[in-house]
Amino acid sequence: MAAQSVSLVIAGSGGAGVVTAGSLLLEAAANAGWYALMTRSAGPQIRGGEAAAMIRFATEPVASHDDSFHLLVAIDWENISRFAAEIPLVADSLLIGDPALGDAPAALLRNSPRQAGLAMSEIASSIEGGRPNMVALGAIAGMIGLPVAAMASVVTRQLKRKGQAAIDASMAAFNAGLAAAAGLPAVPRLPAVDSAAREERWSITGNEATGLGAIRGGVRFVAAYPITPATEVLEWLAPSLAKVGGVLVQAEDELASINQIIGASYGGVPALTATSGPGLSLMIESIGLAVAAEVPVVVVDVMRVGPSTGIATKSEQSDLNIAVYGMHGDAPHVVVAANSVADCLFTTQWAVHLAESMQTPALVLTDQLLGQSRAILPRPAELAFIGQRQTAVAAGEGQRYKRYALTGSGVSPMAIPGTPGLTYTADGLEHNELGTPSSQASDHQAQMDKRLRKVAGFDYGDHWADIMDAEAGGGDIAIITWGSSTGPAREALERFSAAGGKARLISLRLIAPAQPDKLAAALAGFERALVVEQSHGGQFHRMLRAFYDLPRQTLALYQPGPLPIGPARILDQLNAWRT
Amino acid sequence: MDAAVAEPRKLAAKDYKSDIKPIWCPGCGDYSVLNALTRALAELALPPEMVAVVSGIGCSSRIPAYTSVYGFHGVHGRALPVATGLKLARPELTVIVTSGDGDGFSIGGNHFLHACRRNVDITYIVMDNQVYGMTKGQASPTTAPDWEGSKLTPEGTGINPFQPLVVGLASGANFIARVSASDPINMAKIIVEAVRHPGFSLVQILSPCVTFRPEQQEWRDIVRTAVVDYTDDAARAARRLMTDDGFNVGKVLYKGSRPPFRPEFEVTDGSIAELEASFAI
Amino acid sequence: MTDSRDIGNAVLTMPELLAHALAMESEACERYGQLADQMENCNNAPVASLFRRLEDIERAHVREIEAICGNVALPRLAPWEYAWRDNESPETIDIGSVSYQMSQRDAVALAIEHEHRAAEFYRGVADAAPDAEVKRLARQFAGEELAHVQWLRDWLTQMGSSAERGVDDPDPPNSLE
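Line by line, the protein sequences give chains H, A and U.
By our numbering, the letter at position 13 of the first sequence is numbered 13, and the numbering carries on one by one without gaps.
By our numbering, the letter at position 188 of the second sequence is numbered 188, and the numbering carries on one by one without gaps.
By our numbering, the letter at position 128 of the third sequence is numbered 128, and the numbering carries on one by one without gaps.
Calculated from the structure, these hints are not laboratory results.
For each residue, glycine too, the CB sits at the ideal point set by N, CA and C.
A few of these clues could be false.
Said to hold, decoys possible - Selected chain U positions facing chain A (in silico; Cβ < 8 angstroms):
#1 Pro79
#2 Glu88
#3 Val98
Unchecked claim - Covered stretches of chain H, as calculated for chain A (at least 3 residues, CB under 8 angstroms):
#4 247–257
#5 311–319
#6 413–420
#7 425–434
Construct all of the structure, not just a fragment, from the sequences and the given hints.
What follows is the structure, given as structure tokens:
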């Protein structure tokens, strides 16, 4: 990854078709055998607003955006300053604009990037049906080394229903842009790749991966209430669930969603919903009900900037507190976090397995950055995790069925409605082993111990964290992070390692319950730790301090959204410690 | 109509009761409801394992534990979505929701509207005593505006009471009835009809609270058998309900013919592999 | 109900009469049992044991009726197909008419009231019955119910003044959730 990549931005407004252009480019790159990561940004208007597509291309899988962009092509300058903080340019960056539309705004020129002009609108208007965004794409393709054939097949497929004339017009505009690229200053180019020789690759977003992970894990009932940036998880699941015999129902609010999935799961069907911070807040009471009544459910929180309505379209890692501590009472449950687009699939599938095995809620934390990024990545491996619930088929000889029997593991066989002789009432009230409401101290203690034991004593295996060492191995610096901060941390480690530095990256996938022994083992010999997270209040750091022993020299690097933490910032600290 | 199968073995009403003693005050209308519900289940001859009673929070919501069928005692106001999820995931079960006027129409009000709209095949039994009994006697949405018996609203609420049957009809409920707890046999009959009728069935039960609304004992003398039989014309039902004084009981008021909400499946061979193929480059 | 359920006197065949008699006694037995449970739950011991005694007595009545029924095939009636004049069987105490503070006198008064109604019911059946055997048996049942009434009155007299006292409870109601 430190090897070859090129990062570019396409920006424009109104009818410029930036989002379309970015998608076409991504697809063409996929056809060309490259890997990529694309994120998008937009103004607040529902239609016609300004937009920017940010793409990083590479010949190897891409973990994160770079610290700056090599190339920015502005189809127009409308309100582009809005994105200035998100599209950092350096002196070597190339800023291309349309000369007919005036000068670049000062916000983009702070680091004095190189500038060049490309008369996109003039070239487009000289072609019947030509559009400036296709001219831009042609120029970009020429500059970064994207084969024409890769774009041609994409355009053909996308515009097939509009007819050959439309295809021809688009390709003509593209080719005109391509020709114009010859006269433009250079940016990094990627080599051609024999895509046929490639391993199988997918084009997928984190939200889609989350949905697929749910289905692979065995989820067959989903209740949906739309909320940015989680809605696409539910939209992907709606037709997909139907294909595998599952059900998706739109609920009237998040209170209905969480309770519907509790009902479905009580009925024996693995169930899931997806939401964001405000929705998770609403669901908290009922997640506690699922803990008390021991009903497995999976709740995905695609985190966004908080608090309250916050910035719905931007990412932040600040729902950790509510996910871990949000329930009233002591309510042990499982919280897991995906650390990449691909990991959204693994982690969600794993969460279904965990929820079903332990008959408890499993919260999956992803975020807007992972959820709405589209990646070209290697096809994710098949996993063995399918939700397996311990069900009761008969009470003991001459005995009454004890739904909440005190077992060694803490997991009690669960009767599924329809099974004769095992009827019981699930209850949020504290109860005895039979499920009868009880206010007895001994029952509360016993049930609390049981509910804690079942999640604390579970064997989570190696999946509690992803651990990555520098090439040289060893060293005494550990980076501890989670979620989408993992991508930049990985990149920082790769650069550090390429320069001979030694460090270990530990990205926690299992957020709750804490695994102090495992982290202690992973940190053995490491005397310094850098905690990296995207929250204003340092939620992850405080959680680590609460549950884990950290090295004496621990530094917390945290910032709130909406901007992601860049690899350079992490690398700077690693370098500072190296000298 | 759900899959209410008549089994050869014939259970009596008491076989549908558990051995847990209700916490209710003697004289409470909910005892009558428990009797009627279990009688109805016996008449329907449903195997206990094929029935689920779902409730929220309140005196009425304690009912599931007093039955010997599958039960779910959830949180305040959220019984309807639990029941919805359960029925949609397990359509072969008979799902009955038991709730009160506070749980059902205050905190549960939004879910009530949408459950009527959604018209899933469940039966909703609401024990209406115009008070929050469990929390010691506050006004509920169905309490008259001038009732001064609550410390929270000592001058009365001053707000129009909620009219559950009108709102239920307007929102799309497919079966509407009102019964009195003083008439448990008729209640059993109507519960049987409600369960058998497809779609969302709403049964309001005037169920006196002997502790916080002792004056409701006179309901048994005030209620009267509804004069007309049910209508299947929503507009006519609306006119009747809007001019009703709330004490016409003992008959079904409305039976609609909306088909119950049932999700469509589209199972294909290749299933998950097909889904994954959509991502492949 | 403010309107009187005027269904007149029920015209019953012998099997129907027997079915009604059996239902009356079993439902009365079950109801007394429920009321005894409630009173035990609320710690009104005197009334609890009184209802429990009545439950036992009704259970004996059930066995008597079963003996009379012998091998007669009884019609299977839904609860609402019985010809009761009131909301439930005449011998069944309305479950909403009790109070946890009630006195034994209150409880027995209720039982007496319902035995009277049971007698009324049988008298009505006897009057309306075209069949002589049905008439005879219905009159016999009516007589037995009146005997129960007398028995209850005697029992009440025996209890004396202690039976008049209800349960005094100065504590306020509980709030559970």
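Would you say the region 311–319 of chain H counts as covered by chain A, given the rule of at least 3 residues with C-beta under 8 angstroms? Since 0 is below three, the answer is violated.
Are three or more residues of the region 247–257 of chain H within 8 angstroms, CB to CB, of chain A? holds (count 9)
Residue hint U/Glu88, partner chain A, criterion CB-CB below 8 angstroms: holds, 6 angstroms
For the region 413–420 of chain H, count the residues whose Cβ lies under 8 angstroms from any Cβ of chain A; is that count three or more? holds (count 5)
Using the nearest Cβ pair, does U/Pro79 come within less than 8 angstroms of chain A? Holds: closest Cβ of chain A sits about 5 angstroms from U/Pro79, inside 8 angstroms.
Interface hint check: U/Val98, Cβ to nearest Cβ on chain A, cutoff 8 angstroms. Holds or violated? Constraint on U/Val98 satisfied, holds at 5 angstroms.
Okay, the region 425–434 of chain H and chain A, do three or more residues pass the C-beta test at under 8 angstroms? It holds: at least three residues are needed, and the region 425–434 of chain H offers 5 whose Cβ sits within less than 8 angstroms of chain A.
Hint compliance for this structure: hint 5 alone is broken.
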